[in-house]
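Residue numbers (our numbering), protein chains in the order written: chain A, 1 to 141; chain L, 1 to 432; chain B, 1 to 561.
The set of hints was computed from the structure by calculation and includes no laboratory data.
Note that CB positions come from ideal geometry on N, CA and C, so glycine has one too.
Worth double-checking, as some hints may not be accurate.
If you only want the chain A side, here are some residues facing chain L, beta carbon under 8 Å, derived [what the hints assert, rightly or not]:
| id | residue |
| --- | --- |
| 1 | N28 |
| 2 | C68 |
| 3 | D72 |
| 4 | S109 |
| 5 | S111 |
| 6 | E112 |
| 7 | P134 |
| 8 | F135 |
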Amino acid sequence: MDKDFKPNIVGFLCNWCSYAGADLAGSNKLEIKPFLSVVKVMCSSRVNSNLVLTSFLWGADGVLIAGCHPGDCHYEKGNYYARRRFALLKKIMESLNLEPQRLQLSWVSASEGKRYAEVVNKFAEDITKIGPSPFRKNQNL
Amino acid sequence: MKKQNVLIIGAGVAGMEASQLLTEAGHKVYLVEKESLIGGQTIKFEEVYPNMECSTCMVSPKQQEILQNENIELLLLSEVKEVNGTAGEFKVKVKKKASYVSLANCIGCGACYEPCPVSLDNNFEEGLSKMKAIAVPCAGALPNVPAIDAENCLHLNGKKKECQACKEACMFDAIDFSEKDETLDLEVSAIIVATGFDMLDLKKLSQYGYNQKDNVYTALEFERLYAENGPTEGKLILRDGETPKTIGIIHCAGREEQGYCSAVCCMYSTKFSHFLKHKVPEAKIKEFHSDLCIPGKSHQKFYQEALKKEIEFIRCRNIQDISVEKKNGSLQVNYQNGNIEKNTFKANMIIVAPAMLPGKDTKNLAETLGLSLDEKGFFATKSNELSPIATDVEGIFVAGCAEGPKDIPDSIAQAEAAVGKVVNLSQGKINE
Amino acid sequence: MSKKIGVYICECGTNISDRIDIDSLIEEISSLEDVGVAKKYGLLCSPAGKKYLAEDIKKEELTHLVIGACSPREHEQTFMKVCLEAGLNPYLFQMVNIREQCAWMISDKEAATRLAIKYIRAGIKRVALHKSLEKIELESNPDVLVIGGGIAGIEASLSLAGPERKIYLVEKTDALGGMTNKFAQLLPHQGANLSIVKDKIEQVNNNEHIEVFTSTAVEDIHGFLGNFEISVTNQEKDSEKKEFKAGAVVVAIGFGLYDPKETPAFGYGDVENVINALEFETMISSGKIVLKNGKPPASVALIHCVGRKEKGYCSKTCCLYSIKFARYLKDKLPNVDVSEFYQDLCLPDKSDQNYFEEAKKKGIHFIQSDEIEIKDINDRIKVKYKSAEGKKEELSVDMAILAPAMVPSQDTPKMAEMLNLPLDETGFFKEAHEMLNPVATPIEGVFVVGCALGPKNIPDSIVQSQAAAGKILSTLIPGKKLEPEVKTAEIREEFCTGCQTCLSVCFYGVISFDEHKGISIVNEAICRGCGSCVGSCPSGAIKIKHFTYPQLYREVLEALR
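Chain A with its partners taken away, still in its complex shape (with noise of 0.2 Å):
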């Protein structure tokens, strides 16, 4: 294991709920892995699978849903659509020679913040573990 590696993680992180429990991690000084960017959607049905792909393609080495908890969801079904779809991408995965592990849906809410320290520091590790994207090199930003 490379011991510089410093994973790049996207994550997409619903409004009402897991972007309220970052907002709370942080409001609580929980510390967390430098190696994840937030990008923020209104619902997790939102991330369609052109961005999660998209995001692999470009040499992301992670990828993270996190939306509200079953039942929660603030538009009262986008989650489970989230879900359905992460199903179908984890064998997309497959197909592409990716680690389906490098994909990861969340149910975080927004009193969770400890909950999303955790689960974003355990993706971190999970994905050092696994290592670099073999699409890295595709990287030409």
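Keeping the supplied structure of chain A fixed, place chains L and B upon it in accordance with the hints.
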């Protein structure tokens, strides 16, 4: 339509709903709240039944809307002291206690908490944690601005005049010790009372062995114990440092004494079981209840799901006969089931669901407003109407648990109904 | 026109500046394309900060604005207002969270600074793709269609009608009053009283702003909040058709009752003198409480929870009206022996318990029981049951009154289809949000109240009607235009393949299918902007304004830089 002023007392879910809706109708709202934060009791819950929805996620957008709404003048730490006049032209005196922290300047960074030398029981957390004399009571409180507890602040109570620890730590010049309590004179055309409820003090019911030392918890204490933003950050650590393994949940504490069913306890007790089973799958949980009151289309399913999780529901012969005692260092529930056999259950945690009571200030407020109370001590509503919203005083309406125990959606519906009555009144229309 | 982006970094006192090297951040980003100004400021949300910002926007003639500061949940609104004041479209602004989600969660200053640079770069690249969005205004019709002339519909109509708001009250039967017409008495302890219902019907009939259509069915409803088009037909007058417009719809179509024959154990239809609650109401109205043989009963069993197991929910009202029956029986026939067979007494309102205690004092027996079976044995009714102690017991009575579960009205599925409303698993209408928005539905401008939503008593139904009225009165104001959400979905016709996947995921019924063009159409007036449709569109034909693919793509690219 002419823009009118409306006074709303209480910034819980009912008060917030009414405020927001009235401003949409084009009115200005004075929202009076006795605490230093808004959201009422609902923000104390981690999850709400029957969908185990995260309460903070649900309510915080509402709270934000209230804070950002220019037509809502939020009066925190405030109480209504005097009301004169009649519908359309009430004259109201509101006493607003000094918070000593400027809502405009404070950015909520929290730099002032740490240096404060005073440590107090945190009442918002049901005394399960300590807080400083300047602090917000829980993470995520809104507005995210602390207030100084004047009684206990060493500078303000004169015990150590020179203490300025918080002021020195503040980078935004938000702390002003010279702030004084003020009395505001408001003119409003209508009033909505949404002062919510309190819980029966379990210390008054000696049979439950509640002493704040053993692992006997009130429902509200347990709500905070399992809240992610609570005193243990959601970790289930009991007063003796153990985790819950055998849990007894006792319904209807004080029901007989009060003479009414509190409508929500069966459901939230079942919620506790769901939660505990989720966190501690091997936990053994028994619910001690009398009649299960689970009305409504989605509630029975919630109960049946609990049964599937092997949570044991024990119908007790007489709920008043249940007692909790400490035997050889461990807790024990004594009860009689349907077979009239005397039984015991050893538990390392007991949760008791106490009756919902009228808010502590109800009596005084009723006198101030000229309202009458019903025989249970809740605000009484007009007897010749089919709905419990309008009071005997024209222009004054009641919503939520101030009128009697009820759940969140029923409280919200009452708030919306009260808004309808206020809007109609403002247009000179009074039906019924 | 060339772009000039202004970037302002808030020090937030020292909250941000202590943990992020703002100077090197500014140095890093000031040379990016289109960045005209890059500055830091002590506290942008302060009155002085806002003034400074507004003046700078004007002075520098900025076309776009990026602010790196706290979470947008704190001050996005604040700065959008500043933009408006300074004459900049507030959607040409991007707020970048470098406090909560950067400075405050990363203690290593270098790492935090690196992440902050990424975020600000992403903000700059993103804002360059922002489009001005303008609030649109829609005319709206303040009139309201109320469907169902029961107590809930009557109350909604009375609460809403006024000189500037006409109410169309449509009732399928030939009279107003709904189920209450079948009741002999209401629950007095809850303040309910039939004379109040009569008064209200009178008020409806005398109200010049309410047009009542009896014996009338709603045939079709089209449109959206503020603009519904409705057609109804009179079932009697040769199917006379009428059309009108309304801005909102209140559905108050009530409930039905479980047919006890579906559970043969209750003996309904087989065993003589086993009747249901409505039949007993009729008996009370007639004043004659008699058995089939014309004699008064000496003993009566009241059976609660008929159909509760089958339906899977408690109907809330049965315990109380069964107690009402028992009290009536005791008053009418003092020597009658009355036994209530209940599972769980549901007495949730504050005055219910007293009503029950009084009944107990009258000598009514309350028997907690389960597994009820009613048999005809030698011309007497035998109620077999399992007692609280778990023993099999039985009681012989002359009459048994069943309290059947409340079930959705038979019109519910049709109405749901017409209005595109979802039903829940019990078959009643589903709320927009079960907790926070109990009388609204996912379709804006359509409300459901009373027992159409689920079993409830009269006061609760009335409160719901008044709640719907409260929502309509404060949002659908005569003469006031509606301002819908601006960050809505938009369909690019050339890409839409007409697969209609989006129709199935939209919870709010915003999307319809244009058969002629073969594509989906978004009604932007009622779209909430969640983006579920965008996520599901296989051809990428839908975009959400302000969260477009290119905008998010730029953020992703910067994240990976």
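query = Looking back at the numbered hints, which does the structure fail to meet, lowest number first?
reply = 7, 8
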